[in-house]
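Heads up: the protein sequence lines correspond to chains L and Z, in order. So that you can map any letter, position 299 of the first sequence is 299 in full-length UniProt numbering, and since no number is skipped, the others follow by simple counting. So that you can map any letter, position 311 of the second sequence is 311 in full-length UniProt numbering, and since no number is skipped, the others follow by simple counting.
Watch out, some of these pointers could steer you wrong.
[As the list claims (entries may be wrong)] Across the chosen pairs, the derived CB separations fall in these ranges:
(1) Z/Gly-466 x L/Thr-146: 37 to 45 Å
(2) L/Gly-432 x Z/Glu-464: 26 to 34 Å
(3) Z/Asp-416 x L/Pro-133: 53 to 61 Å
(4) Z/Pro-414 x L/Phe-513: 31 to 39 Å
(5) Z/Thr-479 x L/Asp-175: 38 to 46 Å
(6) Z/Asp-452 x L/Glu-105: 21 to 29 Å
(7) L/Ala-442 x Z/Asp-416: 36 to 44 Å
(8) Z/Asp-148 x L/Ala-442: 25 to 33 Å
(9) Z/Pro-133 x L/Glu-105: 50 to 58 Å
No wet-lab data here; the hints were simulated from the structure. Note that this is a predicted model, so its numbers are computed, not measured. Cβ atoms here follow ideal geometry from the backbone N, Cα and C, with glycine treated the same way.
There are 2 protein chains.
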Amino acid sequence: MSEATPRRRTRGGGGAARRAERGAVSFETAKYIQRNIPNFEVLNEEALEVIEYNAETVLEEIGVNFVDNPAALDRWREAGADVSGERVRIPRGLARKLCATAPSEFTQHARNPEKSVVIGGKNLVLAPVYGPPFVRDINGGRRYATMDDFSKFVKLAYMSKWLHHSGGTVCEPTDVPVNKRHLDMLMAHMTLSDKPFMGSVTEPSRAQDSVEMCEILFGKDFVQQNTVMTSLTNINSPMTFDDVMMGSLEVYAKNNQACIISPFIVGGAMAPVSVAGTLTQVLAEVLAGVAYSQIVHPGAPAIFGAFVSSIDMNSGAPTFGTPEASLVTYGAGQLARRLNLPFRSAGSFCGSKLPDAQAAYETANSLNMGLMSGVNFMLHSCGWLEGGLVADFEKFVMDADQLGTLHGLAKGVPIDGDNLAMDAIREVGPGGHYLGCAHTQANFKSAFWKSDLLDYKPFETWEEEGARDTRTLAANRVTKLLDTYEQPAMDPSIKEALDAYVAQKKENMPDSFL
Amino acid sequence: MSEATPRRRTRGGGGAARRAERGAVSFETAKYIQRNIPNFEVLNEEALEVIEYNAETVLEEIGVNFVDNPAALDRWREAGADVSGERVRIPRGLARKLCATAPSEFTQHARNPEKSVVIGGKNLVLAPVYGPPFVRDINGGRRYATMDDFSKFVKLAYMSKWLHHSGGTVCEPTDVPVNKRHLDMLMAHMTLSDKPFMGSVTEPSRAQDSVEMCEILFGKDFVQQNTVMTSLTNINSPMTFDDVMMGSLEVYAKNNQACIISPFIVGGAMAPVSVAGTLTQVLAEVLAGVAYSQIVHPGAPAIFGAFVSSIDMNSGAPTFGTPEASLVTYGAGQLARRLNLPFRSAGSFCGSKLPDAQAAYETANSLNMGLMSGVNFMLHSCGWLEGGLVADFEKFVMDADQLGTLHGLAKGVPIDGDNLAMDAIREVGPGGHYLGCAHTQANFKSAFWKSDLLDYKPFETWEEEGARDTRTLAANRVTKLLDTYEQPAMDPSIKEALDAYVAQKKENMPDSFL
């Protein structure tokens, strides 16, 4: 079972330990979720077989495009595909056979070994929002994200009990030149946190830089023998694999680092308007992408991804937390498990412009569905706002708090003498109450998930305290967390080597904002 | 499948029909949900058997109290129980055997036959919040509820596409004497709406009044042969059945009207602090309650209820949308199905004082869980705020909108030629888009659930329109709905008879606010 590990980050010193002890903000990190509940499945065997058959028909008859990537076309030809121009048609059975070398689960190592995660199986690893060019907070409003914002999010993720992973581009640090951002972002993940993180995919050369920085952090041999990064390779749905994403994938796969291979679906625009049709296309795309990663390097870790939203057919806007997206995700989870691949989907998705009720309904719909659908790696699990355009500080800690409910649900229902509580029922009897009974006294501290944020106070107390809404409470929590942040310790020689690497890289290229 | 029935309420007149046609607010009522998805189950066979065995041990060894109700004790004695003082100990197997005469599903008739609902099986019927003494809206704030508020909620429920049921005490009309409230509340449900509704349980005599008013509305013979009311009988957990609730249950059961028999659980206070212990007690209580209803009248419709919240062990406040409450509800659903009884649980539960993000997270957690756990009758499915102390106008329409997502999820994944969409995938091909393809054009109108409330507009448009949050949008929708409300037609002679009945009843008793 998933249990919080009550380990304070103390930087090794007795003084730091005492300071941490006095800290107002509780600070523990939970182990990644190990589900003790079943997955929710919406497709029966017949439906699964039809979709699997049709996906192979798509690959064989229609095919996929590998764009501006002659080496990929050569590799596919050699593997037995029918290549014509940039179109790759994959004979029935070939992609599935190639996928078989990908591991069903793998460990992504963190520099703090206690925070390494196992991705796959019955596990769920939670990582923050990825990609927004804007940030928002209650005082500063909506604005372009900066490196300072980025660092704050890394700190918040580091201090969030229910986040297991530091993520990647938690926001776009738009004040740093595009061609240097990945260096600063990686440096922040590596030095401000000790949780696992993601590598850059915006250019193959930046993927290579990510590998080289990890070689400094973890040691070159360790990186070649172990997975220390996960990366997000989006497919340009429908059925298009571009050279930048595939070039990055090639770097990671060759170095045994993990790739999420993820159709990017706005239902009705990038995929058919029906759930079954979308699932067919998603499976075809993932089969082609994972197969390609295994052609590049058999055995490289690959994750079956599915970014799924619906569309508002009036405005064309993507919509989130919708039932159709949930149904696609439940089905995709089943398809991933039948391929023995780890599954990535769901997140704190919402279309709302504010961290209000709309945002929370949509997010809760998606988070619950993510747990139930068997997701193994949940990117965007907190902080997403406005269709992914904005990383919101308050929503980050609001969502991160809700992630605790997933840990609680995943525990399932233990059936043993103590949990059956027959002694308590006998002790209390008809008309009594359980507040003071022995069983309650022995178990109340761990019995219920406890929010670090939500307000359960009586109306009168709440009103006296200023009638604060969730966003206001969250803003206070953001401040409190950042005020009490302490950087995890790092070997100074490693820090120096990383600094030197980044400085040298930056020196050798002119700034570019393109 | 659940489908919206596009039937306008037109009062029969061509003029009214044309006015309705011009109405700004779309007005359809969906059929109750018929699930095409499986239930989510957290207990395996062994766990179920242990809990079932222990529940019977509770009944046999500890027993339950029937308070101030000598007739009930006589009935139990006659049925074979061991009665000592007010304690009723039920031999293993007896309660289960008695429960067998309760129907596994039943129809609750509405005065508009198209709005009758089937409670049980794979169906889910949604009804609004029940019981709050306070109301809140964005302009008026929090205040004691009045009959005017009550009527507004009945109108909103009548106009809500996704609500199948008008509910009961949607708020307490505190400006009406306690002993006359039930008359005014029933009159409002009967005349302002044509959806099914609930009867009074605050005194056995008021249950009898409810039956008599239904005899006027539906005809005496019809009521004796059909179920036209559902009622909420709470058990005073642990294991206490009071005379008021049981007296009302006796009236309804004798008249073949439906009773929800519902343990009222704040985990850690009214039940053990563990999920398995709570399930044991819930099952024991429901077995005793349903068995009693069947002793009174074999075959009377009875619903396995479970009101479940957790407790904040620091403050003692009840908490909602928690993982522990979800696990209890999933388990209780399984236990109900093994008893072949309809299941009532879940709702728009939250502890928040405002319809903000906390409220929406908690509510979405509970609504999703309610669908997945196989709930057949969901009381409180919209409008609940502040632990049930407040019925909130904005949250009522916000939640009611979200109920649409449950309808969408319940559809599952149809697998047929059109849904598989292979023609669309062929037509569009790699790199294209689906917006204009034939399949999308043919299906986009019904493909996605569409919110009537949430904002999907681009940031700039949203900002120009006043940067409104969900609550503000909801307040506008409340006004718009109430402004366009039209009363459903009723036979004037029935209306007169109801008025006469209520007037005569009121005349014969002094006001009481106790």
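Hints, one by one, checked against the model:
| no. | hint | verdict |
| --- | --- | --- |
| 1 | Z/Gly-466 x L/Thr-146: 37 to 45 Å | 28 Å, violated |
| 2 | L/Gly-432 x Z/Glu-464: 26 to 34 Å | 60 Å, violated |
| 3 | Z/Asp-416 x L/Pro-133: 53 to 61 Å | 41 Å, violated |
| 4 | Z/Pro-414 x L/Phe-513: 31 to 39 Å | 48 Å, violated |
| 5 | Z/Thr-479 x L/Asp-175: 38 to 46 Å | 44 Å, holds |
| 6 | Z/Asp-452 x L/Glu-105: 21 to 29 Å | 43 Å, violated |
| 7 | L/Ala-442 x Z/Asp-416: 36 to 44 Å | 55 Å, violated |
| 8 | Z/Asp-148 x L/Ala-442: 25 to 33 Å | 50 Å, violated |
| 9 | Z/Pro-133 x L/Glu-105: 50 to 58 Å | 53 Å, holds |
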